[in-house]
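Engineer: Below, each chain spelled out in residue letters.
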Amino acid sequence: MSAADVVAAVTDPELPMVTLAELGIVREVREDGDGVTVAITPTYSGCPAMEAIRDDIVTALRGAGFGRAEVRTQLSPAWTTDWISESGKAKLAAAGIAPPGAAPRRSAGPVPLALGLPVESVACPQCGHAETERISAFSATACRELRRCPSCREPFEHMKEI
Amino acid sequence: MSFDDDAYGALTDHADDARWAYGTGFADPLAGVPTAVPDGIDRNDLATYCLMLGDDALVMSHRLQQWVTRTPELEDELALANIGLDLLGQARLLLTRAGEVENAGRDEDALAYLRDPTAFRNVRLAERADEDFAHLVARLLVFSCWRLPLLDRLAASRDPVLAAIGAKGVKEVTYHREYAAQWVVRLGDGTDLSHQRMRAAIDAILPLAAELFEPHEAEVRLAAAGVAVDPSVLRGEFDAAMAQVLEAATIETSEKTTAAAARRPDGPAEGGPALGGQAQGGPAPGGEAPGGQAQGGPADDTGSGRSGRDGVHGPELTEILAEMQELARALPGGVW
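Which chain is which? The protein sequence lines are G and E, in order.
Here the first sequence stands for residues 13 to 174, numbered as in the working numbering.
Here the second sequence stands for residues -10 to 325, numbered as in the working numbering.
Wrong hints could be hidden among the right ones.
[To be verified] Label pairs and their in silico Cβ distance ranges: (1) G:Gly121 - E:Thr247: 17 to 27 Å; (2) E:Glu62 - G:Gly140: 27 to 37 Å; (3) E:Gly323 - G:Pro60: 14 to 24 Å.
Hints listed in this document are in silico derivations from the structure and should not be mistaken for laboratory results.
Here the structure is a predicted model, which means the values were calculated and not measured.
Think of the CB as a built atom: it goes at the ideal place given N, C-alpha and C, for glycine as much as any other residue.
Next comes chain G alone, as it looks inside the complex (with noise of 0.2 Å):
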């Protein structure tokens, strides 16, 4: 197994069904002589799992056998929701996540406030109804919010376009 299809297999502390491939935050994996160096990118600035993520990195290259890893941190350019792979989609809505959408597009001058709720359509992840509302813009991890589809009443998290 190559020290890229080991990183790639190392699932997300948070969300565990997803890995750090289909997260899209693995930049880099170079082997060179005596062992590997990895580049992942934040998901968010304060991101807690990070340390989590760099120490899991190095478990299980250790355990595959490679001598050294080092995971370095690479914050240019940010991480967006749009790297996340359709089959990390997948997996995060048939774990009752509904998946983001396209990341919003900034034109040119001063970032616009939005004063009313986001008009997006987002899919119930568990009875599959088009409309559903916010309740809150965050929730347990900085990466989701809380939504409830009125169709079935279910609460569930949506992860955030960023």
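Starting from the known structure of chain G, arrange chain E on it as the hints suggest.
Structural biologist: For chain E alone, kept in the frame of chain G given last:
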């Protein structure tokens, strides 16, 4: 080993130490990021600038964390904890960068936990204690309406680390600003009582904005070199966003508030040099310093200048640091 299989086993899984506790050697958040300083840039200026923006985020984050367990609803606990966490992340990157550029062996923890109040460079808006939820959302709104255009411009900095922090942070502060703005509108355009309290909060907080646009000498030099953002250029975008929110919130600010917001925090608008003078310590002439907390008392006169950027803070920062630094100072280097 994972929590799903064996939670108790996972807790004592020593191959996995870094996951479990503060003080177990978390790696630095800039691990592997290129750390060269751009040509022709004064290291002291750059370190000072990183401290300014980092301290703003760190102190504001601590104030937000104090709201956890005290908000009206669970959803707002989550919101404030998440916003505080984003700002803490920005602070970690900026303090780490400050430590590297300074090159005196201080890491993010040494800078956060072992500096005295006069060494902190945050604006006073960040340290102000919130009297109620309306004060909190007013303060978060003013802070975000200023920090957002700042980070947006910082994304074009010649310093690659600041540019990356700016590009990342702008996405985060966009939704911080939305959260605060939506609450200001909901309370301002709500019942008579909520309107009255929201308006009082805006009147108390907006005058603190004056300090945000007062450039520090290091900012001016770094801005000229294409590394920092001169905060005085942010005024137009700040005013436009504030006006949009206050109009929707049906809040008209008093002339007194508007005049105070446009003035320098500790002196008359036409006064002497903003920097390098002695701390004057007293409230602004005209006596409109709000609330009597961050600004009302004599300013700490051990700083060399006159604003939070020069290390002149109110007693509220001392309170914050006493809480935040207690453990690290009681058990220096403690690991468990």
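Engineer: Confirm or reject the claim that Glu62 (chain E) and Gly140 (chain G) have a C-beta distance inside 27 to 37 Å.
Structural biologist: holds (29 Å)
Engineer: Per the hint of 17 to 27 Å, is the separation of the Cβ atoms of Gly121 (chain G) and Thr247 (chain E) within bounds?
Structural biologist: The hinted range 17 to 27 Å holds for Gly121 (chain G) and Thr247 (chain E), with Cβ atoms some 25 Å apart.
Engineer: Do the beta carbons of Gly323 (chain E) and Pro60 (chain G) sit within 14 to 24 Å of each other?
Structural biologist: holds (20 Å)
Of the numbered hints stated above, none is contradicted by the structure.
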